[in-house]
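Given chain F, put chain D in place with the hints provided.
One letter stands for each residue in the lines below.
Protein chains: 2
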Amino acid sequence: MENFEHRLARIAATTEQALRDLLPPVAGNPIAAPMHHAALNGGKRLRAYLAIESAALFGLDAVNTAAAIEAMHAYSLVHDDLPCMDDDDLRRGKPTVHVKWDEATAVLAGDALQTLAFEILADPLTSANASVRIKLVADLARASGANGMVLGQVQDIAAETATTPFTLDQITELQANKTGALIEWSACSGATLAEEDAGPLATYSAALGRAFQIQDDVLDVVGDAELAGKRLQKDAEAGKATFVSILGLEAAQQQASSLIEQACDALSLYGSRADPLRQVAQFVINRNL
Amino acid sequence: MENFEHRLARIAATTEQALRDLLPPVAGNPIAAPMHHAALNGGKRLRAYLAIESAALFGLDAVNTAAAIEAMHAYSLVHDDLPCMDDDDLRRGKPTVHVKWDEATAVLAGDALQTLAFEILADPLTSANASVRIKLVADLARASGANGMVLGQVQDIAAETATTPFTLDQITELQANKTGALIEWSACSGATLAEEDAGPLATYSAALGRAFQIQDDVLDVVGDAELAGKRLQKDAEAGKATFVSILGLEAAQQQASSLIEQACDALSLYGSRADPLRQVAQFVINRNL
Numbered sequence: 000m001e002n003f004e005h006r007l008a009r010i011a012a013t014t015e016q017a018l019r020d021l022l023p024p025v026a027g028n029p030i031a032a033p034m035h036h037a038a039l040n041g042g043k044r045l046r047a048y049l050a051i052e053s054a055a056l057f058g059l060d061a062v063n064t065a066a067a068i069e070a071m072h073a074y075s076l077v078h079d080d081l082p083c084m085d086d087d088d089l090r091r092g093k094p095t096v097h098v099k100w101d102e103a104t105a106v107l108a109g110d111a112l113q114t115l116a117f118e119i120l121a122d123p124l125t126s127a128n129a130s131v132r133i134k135l136v137a138d139l140a141r142a143s144g145a146n147g148m149v150l151g152q153v154q155d156i157a158a159e160t161a162t163t164p165f166t167l168d169q170i171t172e173l174q175a176n177k178t179g180a181l182i183e184w185s186a187c188s189g190a191t192l193a194e195e196d197a198g199p200l201a202t203y204s205a206a207l208g209r210a211f212q213i214q215d216d217v218l219d220v221v222g223d224a225e226l227a228g229k230r231l232q233k234d235a236e237a238g239k240a241t242f243v244s245i246l247g248l249e250a251a252q253q254q255a256s257s258l259i260e261q262a263c264d265a266l267s268l269y270g271s272r273a274d275p276l277r278q279v280a281q282f283v284i285n286r287n288l
Numbered sequence: 000m001e002n003f004e005h006r007l008a009r010i011a012a013t014t015e016q017a018l019r020d021l022l023p024p025v026a027g028n029p030i031a032a033p034m035h036h037a038a039l040n041g042g043k044r045l046r047a048y049l050a051i052e053s054a055a056l057f058g059l060d061a062v063n064t065a066a067a068i069e070a071m072h073a074y075s076l077v078h079d080d081l082p083c084m085d086d087d088d089l090r091r092g093k094p095t096v097h098v099k100w101d102e103a104t105a106v107l108a109g110d111a112l113q114t115l116a117f118e119i120l121a122d123p124l125t126s127a128n129a130s131v132r133i134k135l136v137a138d139l140a141r142a143s144g145a146n147g148m149v150l151g152q153v154q155d156i157a158a159e160t161a162t163t164p165f166t167l168d169q170i171t172e173l174q175a176n177k178t179g180a181l182i183e184w185s186a187c188s189g190a191t192l193a194e195e196d197a198g199p200l201a202t203y204s205a206a207l208g209r210a211f212q213i214q215d216d217v218l219d220v221v222g223d224a225e226l227a228g229k230r231l232q233k234d235a236e237a238g239k240a241t242f243v244s245i246l247g248l249e250a251a252q253q254q255a256s257s258l259i260e261q262a263c264d265a266l267s268l269y270g271s272r273a274d275p276l277r278q279v280a281q282f283v284i285n286r287n288l
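Which chain is which? The protein sequence lines are F and D, in order.
Quick note on numbering that gives the first Met the number 0: the first sequence kicks off at 0 and runs consecutively.
Quick note on numbering that gives the first Met the number 0: the second sequence kicks off at 0 and runs consecutively.
Just so you know, the hints here were simulated from the structure itself, not pulled from any lab data.
Even glycine gets a Cβ: it sits at the ideal position worked out from N, Cα and C.
Please note that the accuracy of each hint is not assured.
[As the list claims (entries may be wrong)] Residues from chain F shown here face chain D by an in silico Cβ test under 7 Å; the list is partial:
#1 102
#2 110
#3 111
#4 132
#5 137
#6 153
#7 160
#8 190
#9 244
#10 245
[Stated by the list, open to error] Mimicking DSBU-like on lysine-lysine, the simulated pairs with C-alpha atoms at most 30 Å apart in a straight line are:
#11 D:239 <-> D:134
#12 D:134 <-> D:43
#13 F:43 <-> F:93
#14 F:43 <-> F:99
#15 F:99 <-> D:239
#16 F:239 <-> F:93
#17 D:134 <-> F:134
#18 F:239 <-> D:99
#19 D:239 <-> D:99
For reference, chain F alone in the conformation it holds in the complex (with noise of 0.2 Å):
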């Protein structure tokens, strides 16, 4: 079986390659080379991951979904990077869209990425079946939108103002919008492609988001800012509550490496055909970036 490593490193450049090919070319359209420099920056592209290999499960392939998938994440990180929002200069080690262009442009690119990837759903080549495709946008548009992602973002905004720090259902929550729905839905929509059950993927995604969030905060006290790419240690100085804040680093990834077990249980029904999703599963929990 292909090397995890390179496997993640083979579908981040076919999304990549897939996302060049569908954003508008750079000549003739001002706001293409914002929308490249958002979408194409170089990321481990765990959503497309989750995408392709959950699709690979039924036998197909799914690079529309991989890409349009990383089109709307791209669009949160650039609109979350905005002064207004988390006021980054940095993303990936490189200048963000606000930084390198301007303030408008940040919010136009981020705009028109997030429409790309309604338009990306909605083509014939994510699948032939009109009725897969539109339940593919219903539920990214539920995902992604006032009751998940964007509902996510302003409880985190929240929770940087409020008074007394969140707890542990509150950041429960919190990042199940913010993060947990766009990976839950890249995770099933491989079943969604294949018309067959989502459920035993929503349960495999929902816990991977969990431990996704607990590792990031975890990385946030322990990783390396160099290496990572952006700044680190913002919550503690935020004096924002985290996982890590309430439960301490030694239970976090505890806890983290319990989700992982759970998340990897859910896929016996698909034996070792779903040893791509398990792989990716553990390196949530042990990545350093």
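The following block gives chain D in isolation, referenced to the frame of chain F:
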């Protein structure tokens, strides 16, 4: 036949009610109130009127497509009003979202309104036919993204800082992207819902859109700021080329009238059933706000 003003007001009220039901409830969701503020703004609902009356040509209801296009339009206004873009404090006489709340809230409420537009179109209540729904999504994504409305806004910002004023062709292109694309989507959506040829409606709405933009420039010069509920003569102050600055006031008004004639001619196929679309075309050049 129902009086035009009454019809316009009735459709605006129907659309506002539908939007209210489709928006997340304000209780328990902190991003819902700014979304309501932005979307339930007492606008003329021209796009909703086009969606509903184009569907009525084919005997269909279209309250969902009307609500979707107004959610998309509302998102674009919230982002256009931001300090980094047009920096407007007032919209229809009310404080804009970033004034009433803050910039982060305005970015996020706009983001969620865009998502909501696609979520509404993906709902089976929009059409029982998945192929119809996915075509509405695909067409709206094309009209509103990096090759449509967002591009128009980018071009509009470029026009403000251009060292040589834009030419008539450049203004026509930027306005077609910024405003025309959503107007065309609205007027063609009825044919899409009915799975009928959208050709006549595309011709109608391309001419209507151009007339609308010319009249906007006319009103920016001769309009009443208090009536409009927004700042006027911004373009003249900014030394920005407009249809009026290039053509002169009288020729601009003549061109708008001639375009409305063309728009109405394109509807001959539909006979008197298209009278509501002819009436709104006359309204576009006779309106005073």
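Hint check results:
1. 102: holds, 4 Å
2. 110: holds, 5 Å
3. 111: For residue 111 of chain F, the interface hint holds, since the closest Cβ of chain D sits about 4 Å away, which is under 7 Å.
4. 132: holds, 5 Å
5. 137: For residue 137 of chain F, the interface hint holds, since the closest Cβ of chain D sits about 4 Å away, which is under 7 Å.
6. 153: Holds: closest Cβ of chain D sits about 5 Å from residue 153 of chain F, inside 7 Å.
7. 160: violated, 11 Å
8. 190: violated, 18 Å
9. 244: Violated. Min distance 23 Å.
10. 245: violated, 22 Å
11. D:239 <-> D:134: violated, 37 Å
12. D:134 <-> D:43: holds, 26 Å
13. F:43 <-> F:93: The hint holds at about 15 Å.
14. F:43 <-> F:99: This hinted pair holds, its Cα atoms lying about 22 Å apart.
15. F:99 <-> D:239: Given that 30 Å is the threshold and the Cα spacing comes to 26 Å, the pair holds.
16. F:239 <-> F:93: Status holds; Cα separation ~26 Å.
17. D:134 <-> F:134: Holds. Residue 134 of chain D to residue 134 of chain F sits at ~13 Å (cutoff 30 Å).
18. F:239 <-> D:99: Satisfied, since the Cα-Cα distance of roughly 26 Å is no more than 30 Å.
19. D:239 <-> D:99: Distance of about 29 Å is within 30 Å: holds.
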